[in-house]
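S.K.: So you can see what is in the structure, the chains are spelled out below.
Number of protein chains: 2
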Amino acid sequence: MIQITFLGTVSGIPSKDRNHPAIALEYFGEEKDTLLFDCGEGTQKQLMQSNISFMKINKIFITHWHADHFSGLIPLIQTMSLEKRKSKLKIFGPEAEKFVSDILDLGYFGLRFPVEAINVPFEGNKPMLIDETPEYQILSIPVLHTVPAVAYCFQEKPKWKIDTKKLRELGLRSGSWLKKLKKFGKVEYKGREVKIEDVANLRPGLKVVYSGDTKPCDNILEISKNADLLIHDGTFLEEEEGKAHADVKQAARIAKEANVKQLILTHISRRYTDAKELEEEAKKIFPNSKVAFDFMQIRLKQVI
Amino acid sequence: MIQITFLGTVSGIPSKDRNHPAIALEYFGEEKDTLLFDCGEGTQKQLMQSNISFMKINKIFITHWHADHFSGLIPLIQTMSLEKRKSKLKIFGPEAEKFVSDILDLGYFGLRFPVEAINVPFEGNKPMLIDETPEYQILSIPVLHTVPAVAYCFQEKPKWKIDTKKLRELGLRSGSWLKKLKKFGKVEYKGREVKIEDVANLRPGLKVVYSGDTKPCDNILEISKNADLLIHDGTFLEEEEGKAHADVKQAARIAKEANVKQLILTHISRRYTDAKELEEEAKKIFPNSKVAFDFMQIRLKQVI
Chain A
537 MIQITFLGTV SGIPSKDRNH PAIALEYFGE EKDTLLFDCG EGTQKQLMQS NISFMKINKI
597 FITHWHADHF SGLIPLIQTM SLEKRKSKLK IFGPEAEKFV SDILDLGYFG LRFPVEAINV
657 PFEGNKPMLI DETPEYQILS IPVLHTVPAV AYCFQEKPKW KIDTKKLREL GLRSGSWLKK
717 LKKFGKVEYK GREVKIEDVA NLRPGLKVVY SGDTKPCDNI LEISKNADLL IHDGTFLEEE
777 EGKAHADVKQ AARIAKEANV KQLILTHISR RYTDAKELEE EAKKIFPNSK VAFDFMQIRL
837 KQVI
Chain B
537 MIQITFLGTV SGIPSKDRNH PAIALEYFGE EKDTLLFDCG EGTQKQLMQS NISFMKINKI
597 FITHWHADHF SGLIPLIQTM SLEKRKSKLK IFGPEAEKFV SDILDLGYFG LRFPVEAINV
657 PFEGNKPMLI DETPEYQILS IPVLHTVPAV AYCFQEKPKW KIDTKKLREL GLRSGSWLKK
717 LKKFGKVEYK GREVKIEDVA NLRPGLKVVY SGDTKPCDNI LEISKNADLL IHDGTFLEEE
777 EGKAHADVKQ AARIAKEANV KQLILTHISR RYTDAKELEE EAKKIFPNSK VAFDFMQIRL
837 KQVI
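So the protein sequences, as listed, match chains A and B. So the mapping is simple: this note's numbering equals the position in the first sequence, first residue as 1, plus 536. So the mapping is simple: this note's numbering equals the position in the second sequence, first residue as 1, plus 536.
If you are wondering where the hints come from, they were derived from the structure by calculation, not from laboratory data. Each hint should be verified, as a subset may be incorrect.
The list treats identical chains as one, so a pair stands whether inside a single copy or across any two.
As the list claims (entries may be wrong) - With a Cα cut of at most 30 angstroms, we get these calculated BS3-like pairs of lysine-lysine:
(1) Lys-819 / Lys-726
(2) Lys-552 / Lys-697
(3) Lys-620 / Lys-568
(4) Lys-595 / Lys-552
(5) Lys-722 / Lys-592
(6) Lys-722 / Lys-620
(7) Lys-693 / Lys-620
(8) Lys-552 / Lys-592
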């Protein structure tokens, strides 16, 4: 299961109701994992208000280095340090090595835990694998903004799901041996070899894509294909010349073309105090569209 | 008249109720002026919620370069830029030139207005004049923290206040000529020379001191003498070894010895969810003590 919390949903200038961009993705797999995508000003307070522990965050993915997407990093790292964090924090982003190093040199930190910066490619047109665990992969792809910027994809790996009907047909019983079977693919059980495919079906993993700031582009279409959820820049109602953002109709067209299951628009300009109009416009093109608001939470579960 | 708004009142780690340090001082003199002392994370949103325009802020005074005191600067400067600010912003602080330059190099700013950094001395034991207008002076003095740190003093200049009794005694009438008299010290009025001291009394200016983070020290006592308001670090109830902060009793003793009119304790550790105990302890030593809370506002007016 994945729980996504929108910690900030505004574009460049915050409003009373909307904070600068940040999204927490909690993955409830064999291991619980909390990932953070972007980290605008006030993210640590938004995390506190959402009851998400910032000490559990081990990976932060920055889409680009505009202050509204990263300036919460500095006080967040200071708080982690004051809270006596020991474990490593990884920060991914285009040019992350340069900017994370600049951040750690800013002011007097007295950092007490290791911070590793990982550069993410910001040129090319194929999704790149940038992080992997036994349960999921993180991919990135460059997008179209005024500065080097990327989109990220959380791709859960396919998982074997035990089929009780198949078990019964083979005269087998549920039990802790199935855990071993999932891990090793085959086991000896009561004198006979059982293969995972005999008793289980392969369930596809969940896929979540976050565009960061971007104009509509082929790369975002490429990385979004068949996603369970696309979180896309929907700054404006109508395209604005000279602005490197998408409007809600452009985002909806990408959602439709990429055949995603659900679209959530974020990075909303503060001029829209009521987001209904944006949502309705998007829905005309892609019915399963929503406009994010601060503290909005959604859960994704594979139902197959 | 001076209006002070506490935008953030917590120490290193924010809580749900208390934001990182920042204090807005609005001076309603001949010219209205809005000054900001420290600029922790979230300051721009706290300003919005207080209905104080951040576009009106022309001077920011940073006490020291720990992230909780400065990290709101980065998104605040970005917002000022996005709002098409043209006028210069001055940022004062110990080592301000270095750190402001680092901040402006961080990420992609596209700054559209001039930012001037002014180094404030962080060694010595006398108040130093660091800024002056026709109506007030700003002084600073080094204080005792783990890193270079200063306290600031807002000192309104004495003002001539027309004494209607004196006017009457001289057979003179109120009128716009008195403005000229205040400006030039003497004027020709109906064929005779009138000097300001003939018809007015010199009213002392208001004095406000902000300690920033500090242990109790002689310098803070020196700069606080006879202040109308001392805003002092009151992080703890009891002194904590190894911590470069004051407890509320130490702050109250300074207020008493410096003969200030009012003490407001700030930079409160998040462990004190109810600040009453702190306030009571301080009041035992200095009765006119208060503990600040976020959005607390106080007005100072010279009554003499």
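S.K.: State for each hint whether it applies.
M.R.: So, going through the hints one by one against the coordinates:
no.	hint	in the structure
1	Lys-819 / Lys-726	neither (55 angstroms within a copy, 77 angstroms between copies)
2	Lys-552 / Lys-697	neither (45 angstroms within a copy, 41 angstroms between copies)
3	Lys-620 / Lys-568	within (21 angstroms within a copy, 44 angstroms between copies)
4	Lys-595 / Lys-552	both (28 angstroms within a copy, 24 angstroms between copies)
5	Lys-722 / Lys-592	neither (34 angstroms within a copy, 70 angstroms between copies)
6	Lys-722 / Lys-620	neither (43 angstroms within a copy, 65 angstroms between copies)
7	Lys-693 / Lys-620	neither (33 angstroms within a copy, 47 angstroms between copies)
8	Lys-552 / Lys-592	both (28 angstroms within a copy, 19 angstroms between copies)
When held up to the earlier numbered hints, the structure conflicts with 1, 2, 5, 6, 7 and fits the remainder.
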